[in-house]
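Be aware that the sequence shown starts at 1, since it is given in our numbering, and climbs by one per residue.
If you're looking for bench data, these hints aren't it; they were derived computationally from the structure.
In this text, all values refer to a predicted model and were calculated from it rather than measured experimentally.
Warning: the hint list may mix true and false statements.
DEER-style ranges, computed between Cβ atoms [what the hints assert, rightly or not]:
# : residue 1 : residue 2 : range
1 : ASP49     : ASP85     : 28 to 36 Å
2 : MET1      : GLY27     : 26 to 34 Å
3 : ASP85     : GLY112    : 18 to 26 Å
4 : GLY61     : ARG17     : 31 to 39 Å
5 : ALA55     : MET4      : 17 to 25 Å
6 : GLY27     : ALA94     : 17 to 25 Å
7 : ARG17     : GLY112    : 36 to 44 Å
8 : PRO111    : GLY66     : 28 to 36 Å
We put the CB at the ideal spot given by N, CA and C, even for glycine.
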Amino acid sequence: MRFMLLLHRRESELLQRTPEWIEEVVGFLARFEDELLTRSELEWTETLDSDTRAAVIGPGGEHRDGWYNEAGKPLRRLWVVRVADRARAEELAAQLAGELDTWVEVRECLPGAQRP
1 MRFMLLLHRR ESELLQRTPE WIEEVVGFLA RFEDELLTRS ELEWTETLDS
51 DTRAAVIGPG GEHRDGWYNE AGKPLRRLWV VRVADRARAE ELAAQLAGEL
101 DTWVEVRECL PGAQRP
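Using the sequences and the accompanying hints, generate a full structural model.
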């Protein structure tokens, strides 16, 4: 089963953290992703550009600066993992949430999504 783990966070929240915290988190993420790769659980990951550089394009080409759900936090990073079941995906999300001190969204990637 494939799941997407989504981290939502404002850039301003990261800027409030200490350099030591950021260094610790970067080290954790490197180890976390290496462990996923070793177990063949990581399919891919992305770190997204700053929310200040996001844009939303609507029907007819309407353009708005910002992210889609401005009332919520913008998507900052995501991981797609292939694991045995939802419980394992939630276990991985709990590791991320604990180290990053934030909530992590878990969504299953539906099998038909890979078809054209």
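ASP85 versus GLY112 beta-carbon gap, inside 18 to 26 Å or not: 19 Å, holds
Within 28 to 36 Å: is that where the Cβ-Cβ distance between PRO111 and GLY66 falls? Roughly 33 Å apart at Cβ, these two residues keep to the hinted range, so it holds.
Could you tell me whether the CB distance from GLY61 to ARG17 stays inside 31 to 39 Å? The hint (31 to 39 Å, Cβ to Cβ) holds, given that GLY61 and ARG17 are roughly 38 Å apart.
Go ahead and decide if the range 17 to 25 Å is satisfied by the Cβ distance of GLY27 to ALA94. Since the Cβ atoms of GLY27 and ALA94 sit about 19 Å apart, the hinted range of 17 to 25 Å holds.
Within 36 to 44 Å or not, the Cβ separation of ARG17 and GLY112? For ARG17 and GLY112 the Cβ distance comes to about 39 Å; the hint holds.
Verify the CB-CB distance for MET1 and GLY27 against the hinted window 26 to 34 Å. Since MET1 and GLY27 have Cβ atoms about 29 Å apart, the given range 26 to 34 Å holds.
How does the Cβ-Cβ distance of ALA55 and MET4 compare with 17 to 25 Å: does it lie in that range? Hint holds: Cβ distance 22 Å, inside 17 to 25 Å.
Go ahead and decide if the range 28 to 36 Å is satisfied by the Cβ distance of ASP49 to ASP85. For ASP85 against ASP49, whose Cβ atoms are near 33 Å apart, the range 28 to 36 Å holds.
In the structure shown, no violation is registered for any of the earlier numbered hints.
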